[in-house]
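If you want the building blocks of each chain, they are given just below.
There are 2 protein chains.
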Amino acid sequence: MRFISETSSDGLREQLFVLTDVPGVLWTPAADAAGPRPLILMGHGGGRHKKDPDITRRAHRFVTECGFAVVAVDVPAHGDRPLEEEYDRIASENQARVAAGAELAPLIAEFQALVARRTVPEWQAVLDAVQRLDHVGAGPVGYWGVSLGCGLGVPFVAAEPRVRAAVLGLGGASASTPTSTSASAEAAARITVPVEFLVQWDDERVPRDRSLALFDALASPEKTLHANPGKHGDMPEFEIDSTVRFFARHLSLT
Amino acid sequence: MRFISETSSDGLREQLFVLTDVPGVLWTPAADAAGPRPLILMGHGGGRHKKDPDITRRAHRFVTECGFAVVAVDVPAHGDRPLEEEYDRIASENQARVAAGAELAPLIAEFQALVARRTVPEWQAVLDAVQRLDHVGAGPVGYWGVSLGCGLGVPFVAAEPRVRAAVLGLGGASASTPTSTSASAEAAARITVPVEFLVQWDDERVPRDRSLALFDALASPEKTLHANPGKHGDMPEFEIDSTVRFFARHLSLT
Chain V
1 MRFISETSSD GLREQLFVLT DVPGVLWTPA ADAAGPRPLI LMGHGGGRHK
51 KDPDITRRAH RFVTECGFAV VAVDVPAHGD RPLEEEYDRI ASENQARVAA
101 GAELAPLIAE FQALVARRTV PEWQAVLDAV QRLDHVGAGP VGYWGVSLGC
151 GLGVPFVAAE PRVRAAVLGL GGASASTPTS TSASAEAAAR ITVPVEFLVQ
201 WDDERVPRDR SLALFDALAS PEKTLHANPG KHGDMPEFEI DSTVRFFARH
251 LSLT
Chain S
1 MRFISETSSD GLREQLFVLT DVPGVLWTPA ADAAGPRPLI LMGHGGGRHK
51 KDPDITRRAH RFVTECGFAV VAVDVPAHGD RPLEEEYDRI ASENQARVAA
101 GAELAPLIAE FQALVARRTV PEWQAVLDAV QRLDHVGAGP VGYWGVSLGC
151 GLGVPFVAAE PRVRAAVLGL GGASASTPTS TSASAEAAAR ITVPVEFLVQ
201 WDDERVPRDR SLALFDALAS PEKTLHANPG KHGDMPEFEI DSTVRFFARH
251 LSLT
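Residue numbers (our numbering), protein chains in the order written: chain V, 1 to 254; chain S, 1 to 254.
In isolation and in its complexed conformation, chain V is listed as follows:
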């Protein structure tokens, strides 16, 4: 883990780092140096990056209001990472299939499952490295990710026992049938930690029945679906308040 820069402002310490070839950012409280503290790993959306405003606004609140550490890294082919020829090829093929009448959502889900084969071990390595730092330590871990961050987050949360609570959403799965289960529904069925699941009721990218099917597939005894009117990008501000309280409730050390 190689640190590239460090700045502090507004009560936040921000450290940019590279772990192997994965660029990341770690935010911690500026004033309070000693860990262990709860850590939230955040997964960004498609076409976005580790310091996207959707990430940084929430990270700021998790750090300043809860005293948590937050880490985010660029997904392959996003942010400061190189393009991936294979992903470009698949994206072009998918565009052609949709133009020929195929349904978009299952193609996206299939693509995200492919990317997750890389991000799950990458994110586990990030947890290993960050939790070895004195100002983070081995506290409880949370995961936050919607849209692409949900598609990659479901297999991550399913695979990683350190994650104790997750906020997911703006993502879906095929409804299971007696003879077939989608990859995301299968991974969701291995998640048992508390989940807050966000749905945009008029989501133009994720059909409503796919959202409900993914929520339905989660095996968590405590899971809450929050649905709000509006499109994929219209999530209301008050859901950030709810997310802060959800993580505070499930990750606090006391």
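Rather than coming from a laboratory, the hints here were simulated on the basis of the structure. Heads up, some of the hints might be wrong.
To be verified - To give a feel for the contact side, a few chain S residues facing chain V, derived at Cβ under 10 angstroms:
no. : residue
1   : Phe-197
2   : Thr-224
3   : Pro-229
Claimed, not checked - Beta-carbon label-pair distances, calculated as ranges:
no. : chain 1 : residue 1 : chain 2 : residue 2 : range
4   : V       : Ser-92    : S       : Ala-159   : 30 to 38 angstroms
5   : S       : Asn-94    : V       : Pro-121   : 36 to 44 angstroms
6   : S       : Gly-233   : V       : Glu-65    : 31 to 39 angstroms
7   : S       : Glu-237   : V       : Thr-177   : 29 to 37 angstroms
8   : V       : Gly-230   : S       : Leu-253   : 27 to 35 angstroms
9   : V       : Pro-121   : S       : Asp-234   : 31 to 39 angstroms
10  : V       : Gln-95    : S       : Leu-253   : 50 to 58 angstroms
Just so it is clear, CB atoms sit at the ideal spot from N, CA and C, and this is done for glycine as well.
Keeping the supplied structure of chain V fixed, place chain S upon it in accordance with the hints.
Below, chain S without anything else, positioned relative to chain V:
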């Protein structure tokens, strides 16, 4: 409006009253006499009454944490009110229809619409009377009611312009078709205030598609559906916290 008794404990002043022939209870902060303050009208569930534990636990929190006034009255044929032969007759007929294979949920909805023809004007008279009291006053009004309290609450909130925010749920509507709309969906389409809508994902009394159809029918630009696993009676405790914050956000005087 005739007051029958008054007690104070735990920071709450509780006054039992009768308005015409409707028995009610009013809770206000014991220490802080002067209004105006926000007022929440609460509708109890089927077979329950104005001082049901589901009502009193929430009322206690609205009063002590938010400084609100809370009023609840017995629905016809409930609590301290006399039996209604007509309702008993309909209930028997409905049991016979269900035994003969009819679907229960639409029959319940039809029955609730009948009862609402009485409760809407009764509850409006309660607001009139209570808001004339010095220790309540004409502040913003909220409505809380699930199950029967939702079935009666939807037409009440639709009809009463003083209501500025409502918590509803554990109730449903038929999905609208081009040629037919259910009474509850029609009333929901006249509701435009912020709504927090509670769904039990495995509700044995309200089919999931009817819950989602009622949420869908609400015309409110701000409406949030909260769905949690479990049956009709299994709503998790943390939803009470969310309700307290929802009303505090929408009804506070400052």
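Hints, one by one, checked against the model:
Using the Cβ-Cβ criterion of 10 angstroms, the hint placing Phe-197(S) at the interface with chain V is satisfied: the shortest such distance is roughly 9 angstroms. For Thr-224(S), the shortest C-beta to C-beta distance to chain V is roughly 5 angstroms, which falls under 10 angstroms, so the interface hint holds. Among the interface hints, the one on Pro-229(S) holds; its C-beta lies about 6 angstroms from the nearest C-beta in chain V, closer than the 10 angstroms criterion. Checked against the hint of 30 to 38 angstroms, the pair Ser-92(V) and Ala-159(S) fails, with Cβ atoms roughly 56 angstroms apart.
Checked against the hint of 36 to 44 angstroms, the pair Asn-94(S) and Pro-121(V) fails, with Cβ atoms roughly 58 angstroms apart. Between Gly-233(S) and Glu-65(V) the beta carbons are some 34 angstroms apart, a value that agrees with the proposed interval 31 to 39 angstroms. One distance hint, 29 to 37 angstroms for the beta-carbon pair Glu-237(S) and Thr-177(V), holds here, with the actual separation near 35 angstroms. Against the hinted window of 27 to 35 angstroms, the Cβ-Cβ separation of Gly-230(V) and Leu-253(S) comes to about 29 angstroms, which satisfies the hint.
A beta carbon spacing of about 38 angstroms between Pro-121(V) and Asp-234(S) agrees with the range 31 to 39 angstroms that was offered as a hint. A hinted range of 50 to 58 angstroms for the beta carbons of Gln-95(V) and Leu-253(S) is consistent with their spacing of about 54 angstroms.
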